[in-house]
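4 protein chains.
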Amino acid sequence: MCNKKEYCGLFGVFNVEKPSDIIFLGLYSLQHRGQESAGIAISDGTTIYSEKGMGHVADVFTKSVFEKMQGNKGIGHVRYSTAGESLPANAQPIIAHTNKGHLALVHNGNLVNSVELRHDLERTGSIFATTTDSETILHLLARSKADRIEEAIIETLHYVKGAYCFLILTNDKLFAIRDGYGFRPLSLGKLHNSYILASETCAFDILDAKYIRDIEPGEILTVSNEGMQSIMPFAPTQKAYCIFELIYFARPDSYVFGRNVNIARIAMGKILARESSVKADIVVPVPDSGLYAALGFAEESKIPFQFGLTRNHYIGRTFIQPKQSVRSMGVKVKLNPVKNIIQGKKIILIDDSIVRGTTSKKIVTMLYEAGAKEVHMKLSSPPMIGPCYYGIDTPFESELIAANLSIPEIRQFIGCDSIQYLSLQGLLDSVNDTNEFCTACFTHNYPIKHHMQQFQQLRLFEKIDPSHDHS
Amino acid sequence: MCNKKEYCGLFGVFNVEKPSDIIFLGLYSLQHRGQESAGIAISDGTTIYSEKGMGHVADVFTKSVFEKMQGNKGIGHVRYSTAGESLPANAQPIIAHTNKGHLALVHNGNLVNSVELRHDLERTGSIFATTTDSETILHLLARSKADRIEEAIIETLHYVKGAYCFLILTNDKLFAIRDGYGFRPLSLGKLHNSYILASETCAFDILDAKYIRDIEPGEILTVSNEGMQSIMPFAPTQKAYCIFELIYFARPDSYVFGRNVNIARIAMGKILARESSVKADIVVPVPDSGLYAALGFAEESKIPFQFGLTRNHYIGRTFIQPKQSVRSMGVKVKLNPVKNIIQGKKIILIDDSIVRGTTSKKIVTMLYEAGAKEVHMKLSSPPMIGPCYYGIDTPFESELIAANLSIPEIRQFIGCDSIQYLSLQGLLDSVNDTNEFCTACFTHNYPIKHHMQQFQQLRLFEKIDPSHDHS
Amino acid sequence: MCNKKEYCGLFGVFNVEKPSDIIFLGLYSLQHRGQESAGIAISDGTTIYSEKGMGHVADVFTKSVFEKMQGNKGIGHVRYSTAGESLPANAQPIIAHTNKGHLALVHNGNLVNSVELRHDLERTGSIFATTTDSETILHLLARSKADRIEEAIIETLHYVKGAYCFLILTNDKLFAIRDGYGFRPLSLGKLHNSYILASETCAFDILDAKYIRDIEPGEILTVSNEGMQSIMPFAPTQKAYCIFELIYFARPDSYVFGRNVNIARIAMGKILARESSVKADIVVPVPDSGLYAALGFAEESKIPFQFGLTRNHYIGRTFIQPKQSVRSMGVKVKLNPVKNIIQGKKIILIDDSIVRGTTSKKIVTMLYEAGAKEVHMKLSSPPMIGPCYYGIDTPFESELIAANLSIPEIRQFIGCDSIQYLSLQGLLDSVNDTNEFCTACFTHNYPIKHHMQQFQQLRLFEKIDPSHDHS
Amino acid sequence: MCNKKEYCGLFGVFNVEKPSDIIFLGLYSLQHRGQESAGIAISDGTTIYSEKGMGHVADVFTKSVFEKMQGNKGIGHVRYSTAGESLPANAQPIIAHTNKGHLALVHNGNLVNSVELRHDLERTGSIFATTTDSETILHLLARSKADRIEEAIIETLHYVKGAYCFLILTNDKLFAIRDGYGFRPLSLGKLHNSYILASETCAFDILDAKYIRDIEPGEILTVSNEGMQSIMPFAPTQKAYCIFELIYFARPDSYVFGRNVNIARIAMGKILARESSVKADIVVPVPDSGLYAALGFAEESKIPFQFGLTRNHYIGRTFIQPKQSVRSMGVKVKLNPVKNIIQGKKIILIDDSIVRGTTSKKIVTMLYEAGAKEVHMKLSSPPMIGPCYYGIDTPFESELIAANLSIPEIRQFIGCDSIQYLSLQGLLDSVNDTNEFCTACFTHNYPIKHHMQQFQQLRLFEKIDPSHDHS
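Chains as they are written, first to last, in full-length UniProt numbering: chain A, 1 to 471; chain B, 1 to 471; chain C, 1 to 471; chain D, 1 to 471.
Keep in mind that the hints were calculated from the coordinates and are not lab data. One or more hints might be untrue.
[To be verified] Label-pair ranges, simulated between beta-carbon atoms: (1) A:G227 <-> C:K346: 54 to 64 Å; (2) A:S277 <-> C:E397: 55 to 65 Å; (3) B:R123 <-> A:S230: 44 to 54 Å; (4) A:G227 <-> B:R148: 29 to 39 Å; (5) A:G258 <-> B:H158: 36 to 46 Å; (6) B:R356 <-> C:T358: 50 to 60 Å; (7) A:K210 <-> B:E399: 17 to 27 Å; (8) D:D288 <-> B:K302: 18 to 28 Å; (9) A:K210 <-> C:Q70: 29 to 39 Å; (10) A:K210 <-> C:K346: 20 to 30 Å; (11) D:K279 <-> B:S423: 50 to 60 Å; (12) D:K334 <-> A:V65: 37 to 47 Å; (13) C:T131 <-> D:H192: 28 to 38 Å; (14) C:E397 <-> A:S230: 58 to 68 Å.
The structure displayed is predicted, hence computed values, not measured ones. C-beta: ideal position from N, C-alpha, C; glycine also.
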């Protein structure tokens with residue numbers, strides 16, 4: 001299941017000239033949500049054209065490609081690179097000819113019952129060209145006996161469980177869909193007279209577009225030539241906004257789940273400082289993940305903020321293998337300690353979280369080698385003890401250091417003088433939580449009980465093809 | 001329908017080391033059957049890997065690609081380039097995950113009921129990633145309730161009507177299938193202890209492999225670790241070997257439908273000479289399509305054979321637009337008249353056939369400009385009056401010159417002194433026909449009455465999904 | 001002359017296994033010094049192989065390329081992209097077969113008499129394949145009548161005037177050369193038993209190599225199997241270290257001209273604060289050029305430091321044209337104001353310098369549009385009034401805003417509430433200058449009087465080919 | 001020296017719109033003269049732009065490249081692939097900035113004193129970017145003290161010895177130059193009001209251009225806006241037209257050295273038949289090198305001509321290694337025997353020549369394996385006993401089978417029943433020789449005594465740089 005997790009960015013636009021240009025810029029500003037592949041699908045009202053490729057947005061799309069893409073609406077997608085898992089065939093949008101017409105779909109999230117859905121679809125005669133959740137959705141839409149695509153979408157959503165934001169493009173409509181928990185963000189904007197949809201509001205800023213509101217959890221929004229229409233076809237459920245979007249993933253200038261990301265991060269740093277008792281000379285962020293929290297920490301603690309680690313901004317894929325002769329190579333191509341800042345100092349090192357611990361260990365080692373007197377590691381989130389099943393690519397629990405070691409053991413592994421995590425309450429306070437957030441990765445309190453769901457799902461599925469009963 | 005016609009070459013091999021190398025060479029020798037795209041799928045017993053691309057075999061496959069393709073069996077495909085119709089997504093093999101396992105399929109031919117099949121499949125919930133007949137077949141295989149792939153193949157073949165040779169690769173078997181009419185050729189060979197399948201026997205020669213026999217019309221041949229097994233699940237039908245394979249498409253060194261291609265072509269030329277009464281100085285073939293017939297004509301007529309047209313062997317795609325200043329440019333990049341041979345001569349110009357007439361007109365014009373005194377055009381086949389629905393990319397009837405103009409009018413259009421076609425009887429004699437050949441393009445006598453078939457097909461199809469009745 | 005200016009990064013290594021890997025990492029960390037093209041030359045003792053290409057280091061070099069590059073010493077180069085000026089043929093290293101053997105050369109700097117040198121060389125029969133200074137040097141080396149390459153280098157350096165660091169690779173030696181003024185940095189390091197040369201010390205850090213010392217102004221350092229040898233063949237001259245390396249170009253973690261870059265920048269910010277009298281709510285850096293100065297300013301002024309502008313880290317080449325509908329597009333693809341930080345605030349905006357003023361104007365406009373109450377622009381260097389002739393790609397004087405407008409006019413053009421430049425003395429204090437720095441771009445006080453030099457140069461040149469006298 | 005031999009095709013045009021299109025088509029029809037690399041240089045009157053690449057003409061040039069190449073005159077080049085010797089840097093045209101202006105040069109032939117010239121040039125300070133003769137010529141032009149390029153060309157030609165056709169492009173002129181022996185062909189044509197130059201007349205035919213005349217041996221033809229001007233600055237010398245152009249290299253539809261190539265080849269076949277006494281069933285050409293000679297042989301001998309070997313027209317680079325299991329693989333990817341034609345027959349196999357003998361051996365073996373009863377090999381040229389020093393890439397004498405084995409031994413090596421070469425007198429008769437041809441590869445009678453020349457050359461060269469005497 002792990003290999004189907006996809007952390008992604010979505011963008012859609014309806015009724016503009018040159019939609020490919022607009023989508024390009026939108027995806028460009030969402031690049032941090034996925035660097036593995038990028039894709040665009042455009043409809044001219046009759047046919048959907050698409051272009052996809054491995055790599056960054058600016059590498060995948062060329063002028064000549066865009067000149068061929070005529071139309072006035074479209075969707076785009078950037079996808080996260082999980083190590084060794086990148087297949088060109090899995091790039092989105094996924095496009096298909098169906099009885100509901102020519103469809104293109106992009107997805108951000110993770111369906112917890114996709115294995116079961118796929119198994120049932122295959123059993124009853126569907127063939128799969130990819131290994132993505134997105135293809136599953138298109139199969140379900142096509143299987144629906146409903147005449148109208150709107151009804152088929154509602155029927156399909158009855159079967160799928162998990163975290164999802166979908167944009168679905170037809171030749172005359174654009175659908176924006178967000179699951180009832182609201183795990184992933186999806187916002188609505190307006191550019192002149194055109195509606196825009198994007199995973200984060202930073203995609204509106206690059207276009208000088210106006211943020212209107214978030215797509216509601218459980219909402220199906222339809223954009224067509226007749227305007228915008230919203231339906232909420234399901235009973236409301238508990239909210240479960242991904243708190244990790246605020247801790248790490250979203251861009252600091254985005255407005256996500258009704259919060260300014262940078263304000264939340266600065267607050268995390270301040271509360272972390274209040275919960276801290278360590279004396280030190282300087283506060284050093286791990287760039288760029290620890291920047292805002294470090295600033296908050298420095299402000300609250302009155303310990304000077306220093307750029308003690310520089311980041312190489314020209315990181316590209318390097319095939320050069322780390323050699324034993326070059327210690328901590330893997331980190332050094334990205335980060336370099338600024339010796340004169342580090343030397344002889346007691347350092348508070350701020351990062352957002354620790355996953356496996358190996359990178360933190362390398363950074364700490366680098367700092368000691370650069371002359372640090374003490375390194376006190378501080379994280380702007382609690383210990384991560386559980387994997388995410390809702391669309392963030394975290395490893396198995398067996399690889400999560402905090403799920404396997406005690407905090408003193410983590411400190412020992414990392415090799416720092418002390419280690420401190422932000423408390424869960426501190427985290428919730430920093431985002432002004434009113435019981436809307438999913439914190440499962442810190443608490444094991446998963447919003448979807450997916451084994452229970454699985455049984456129910458199978459029963460529902462049988463409705464698709466009653467002939468099974470007799471086979 | 002026209003745009004789904006595919007003239008192609010197939011190759012398959014079971015139980016060899018480095019199947020990709022063997023398939024490469026096989027496809028290389030079948031390149032004349034399709035220059036648009038090439039593809040290979042290899043199974044290692046667990047997974048099917050594939051590599052496809054636009055262009056010639058030698059351009060698509062690289063050493064590094066092949067190093068990654070491990071396995072001991074596989075199939076390959078080359079596909080014909082129809083103007084403006086080449087989509088990367090349509091390149092074969094088509095691969096899918098299905099309830100019958102991981103499948104790869106290649107196809108040569110044309111299904112006359114593919115539109116209906118596809119429509120029914122879409123109507124009942126299938127989604128299509130390509131516009132190929134081959135994807136239709138995979139859907140039908142997946143839809144079959146049969147447990148065994150063998151049974152699913154038989155069931156599927158009940159639904160499809162038309163001309164087809166299929167190779168289907170699973171993780172443990174290789175199937176070779178030829179329709180009951182036998183429209184397209186498919187031969188079985190042996191390389192040491194391994195079975196090989198190829199559209200033409202010239203693919204055996206390049207490998208020093210031994211020709212065993214043709215796959216019979218209506219035969220399903222299964223190659224597995226248990227050896228070879230053949231079934232003939234359908235009632236025998238009239239044979240309808242494509243006579244155009246012998247006239248033009250197959251390589252002259254191939255042995256097709258029990259005939260040596262070159263012998264048939266020489267015979268066509270000889271009979272054409274017997275049916276001719278023109279006096280001339282030299283016999284000139286249009287290279288390379290008229291070579292063997294011209295040789296036969298020269299031998300029979302005692303008129304000297306001369307290479308009066310040279311062919312540029314380094315033809316590649318050129319983007320240079322013909323200019324008005326350069327008359328007959330389109331032909332000149334391929335052919336050049338040898339002035340000293342042509343000048344002052346009465347010429348018998350031999351080609352295999354005339355489709356639209358525009359190329360013949362340009363060649364004849366070139367010969368006159370080079371000083372020919374007379375040009376007598378002779379074709380080694382009868383006037384082409386009907387399109388092919390069985391896998392050869394001929395244009396609509398409205399574009400076939402012989403379907404629209406009388407022979408004197410054709411002569412006038414081409415601008416030659418006289419024109420002569422081989423008689424139908426002469427053609428049949430030259431291939432020693434015993435009522436086995438399809439000559440529909442010359443006679444309108446189509447072996448499959450596809451409108452009648454269409455009705456029957458729909459009824460059969462309903463068996464797949466009985467729930468249709470109620471929808 | 002302007003189009004020959006090259007801002008670049010150099011790297012060299014002698015006597016290592018797999019020099020291509022080491023050079024790759026070195027260039028990777030020097031990528032900020034040039035993103036237009038990258039190249040590597042390796043000697044195996046008999047032949048020099050090279051690989052060059054347009055683009056980033058990680059794009060140009062592939063594993064398969066490196067497998068072919070065998071040897072134990074080599075040099076590398078990254079080159080700056082000047083708008084519209086990037087020719088593949090100009091990528092370095094430049095390689096030639098000469099009477100001094102097979103030579104490869106890389107260059108950082110700018111020769112002020114290259115036009116004259118080239119003219120003389122052409123006049124006396126040299127042919128040029130590129131438009132680079134580097135090819136001129138190779139011609140002069142080849143023209144030298146000296147038997148030994150060492151002598152030829154000294155002779156050549158007599159002719160060239162300007163700013164230069166060269167690395168020259170032969171099949172058995174590596175030369176590192178720095179002009180007598182010391183305009184550009186060049187440092188010597190050691191990795192185990194191998195000597196390394198790099199434009200900046202950050203290239204040593206990525207390799208865990210040790211910084212030894214700078215190549216002295218006027219020094220010719222020879223590295224061979226016999227070890228290291230240094231000569232200073234010219235009379236000492238005034239030093240003229242480029243102060244702009246400390247203000248902007250060098251990486252903050254580098255140690256350049258005996259100064260830690262980050263310390264110098266923080267000091268600039270502090271002195272700027274002392275020279276300032278503006279009251280404001282927050283200090284906001286233009287990322288990343290204003291980061292350290294802003295930190296210094298905030299510390300000194302006690303005004304809170306805030307990341308009010310975010311930078312898109314995934315900048316690639318975009319072909320999307322700014323539209324009028326998207327104001328300040330050119331800047332928006334790189335920077336986005338963080339509205340909640342900016343809104344209603346009196347902002348001190350810190351950058352390193354203003355060249356043309358157009359980018360600053362766009363940033364200031366963005367800040368006002370994001371709700372800033374006041375924007376006070378502050379620069380950590382004095383007004384730039386003169387172009388650099390010594391290797392930094394600055395535009396003509398007519399395009400330098402401070403050369404053409406008064407400070408109040410600049411403020412008006414930029415559209416900010418106030419503008420303040422660091423004083424020249426403040427700048428010199430921040431780098432602890434003892435009369436070693438070139439500040440010509442701020443003072444018009446150019447260290448090389450190149451028109452005078454030109455005459456002398458011509459006379460010297462005649463010595464190369466005495467036969468001229470008689471022609 | 002061997003590695004500098006280049007067999008090539010040249011094309012030039014002056015005063016046309018879109019010269020790149022015209023040159024493209026010209027090179028396209030000269031592709032048989034070189035498949036390794038292709039290049040075009042265009043002048044717009046101010047600057048020379050060029051585009052070069054490895055591979056076929058149709059692969060190297062793209063529409064977008066041509067859109068950038070504006071101008072009204074240009075030259076082009078195709079180059080032969082000598083095994084393992086193809087360097088991108090060596091692709092032509094070679095372009096340089098010189099004191100004679102911006103120059104581009106293409107070359108067909110081989111300078112016998114290029115090593116000496118290059119040595120002298122290097123010794124006196126020239127640097128070389130390539131290993132081509134062409135760069136040497138540009139150096140000599142640049143070294144000339146002459147003011148006018150015309151005089152510099154004459155001076156340069158005094159130094160060079162060997163076989164050459166040059167086209168030299170400046171910003172206002174196009175020069176066509178042929179050595180005094182006339183080793184290589186070079187023809188002048190006219191397209192409307194524009195002059196064209198091409199290695200073979202088939203390049204005129206593709207453009208519907210008119211053949212005017214050959215460039216004379218020793219002629220320097222200048223094309224400029226003032227029209228055409230011809231000078232013959234050297235004393236006439238013996239002619240030495242390469243007879244191998246007529247035997248093998250030139251296209252059969254070209255008119256070369258005043259002869260129609262196809263007529264010459266048919267005549268070779270006829271005379272070969274007259275000199276033959278073997279009885280056989282069929283005459284089989286090795287396609288395409290033996291086609292015309294076989295036709296002549298068949299006509300004269302009255303033995304039927306048959307296409308007993310088919311050629312794969314889609315030959316591309318294949319990386320597949322011949323395996324032991326596939327005998328004669330190397331040949332089989334190109335040629336396949338037509339079994340039904342070969343079986344049981346006594347065959348006369350016609351080819352143009354035998355170089356190493358390995359390919360002939362494979363073809364003969366294939367024929368026996370295909371069932372041939374007897375194979376009598378016949379060559380339309382005498383035994384090749386000496387390498388060519390004048391521009392055809394033949395191997396060292398030690399590799400030429402006829403230089404090392406007697407004819408009975410060759411027969412034994414090839415494994416055929418008999419072998420027969422055309423007599424020298426027969427060859428000369430077939431081309432109507434009046435003592436104009438070079439037959440050195442068959443006679444060892446080399447027109448240029450290059451060791452003697454070498455001495456004289458050195459003396460001449462000294463004039464360039466009298467200062468040598470004193471160095």
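task: Given the range 29 to 39 Å, decide if the beta-carbon distance of G227 (chain A) to R148 (chain B) lies inside it.
output: Cβ of G227 (chain A) to Cβ of R148 (chain B): about 54 Å, so the range 29 to 39 Å is violated.
* Asked: So the hint says 18 to 28 Å: do the beta-carbon atoms of D288 (chain D) and K302 (chain B) match that?
  -> holds (25 Å)
So the hint says 54 to 64 Å: do the beta-carbon atoms of G227 (chain A) and K346 (chain C) match that? Once the Cβ atoms are compared, 42 Å apart, the range 54 to 64 Å for K346 (chain C) and G227 (chain A) is violated.
May I ask you to test the hint 20 to 30 Å on the CB atoms belonging to K210 (chain A) and K346 (chain C)?
Given about 26 Å between the Cβ atoms, the range holds.
* Whether the CB-CB distance between R356 (chain B) and T358 (chain C) falls inside 50 to 60 Å -> Once the Cβ atoms are compared, 59 Å apart, the range 50 to 60 Å for T358 (chain C) and R356 (chain B) holds.
Does the Cβ distance between E397 (chain C) and S230 (chain A) fall inside 58 to 68 Å?
-> Hint holds: Cβ distance 59 Å, inside 58 to 68 Å.
* To do: Evaluate the given range 17 to 27 Å for the C-beta pair formed by K210 (chain A) and E399 (chain B).
  => Roughly 54 Å apart at Cβ, these two residues miss the hinted range, so it is violated.
Given the range 50 to 60 Å, decide if the beta-carbon distance of K279 (chain D) to S423 (chain B) lies inside it.
Given range 50 to 60 Å: violated, Cβ gap about 37 Å.
Item to check | Status of the given 55 to 65 Å range, CB of E397 (chain C) versus CB of S277 (chain A) | outcome: holds (58 Å)
Handout entry: Verdict for R123 (chain B), S230 (chain A) (Cβ pair) under range 44 to 54 Å
Key = violated (30 Å)
| Is the gap between the beta carbons of G258 (chain A) and H158 (chain B) within 36 to 46 Å? | violated (59 Å)
- [ ] Given the range 28 to 38 Å, decide if the beta-carbon distance of T131 (chain C) to H192 (chain D) lies inside it.
- [x] holds (36 Å)
The structure does not agree with the numbered hints 1, 3, 4, 5, 7, 9 and 11 stated previously, though it agrees with the rest.
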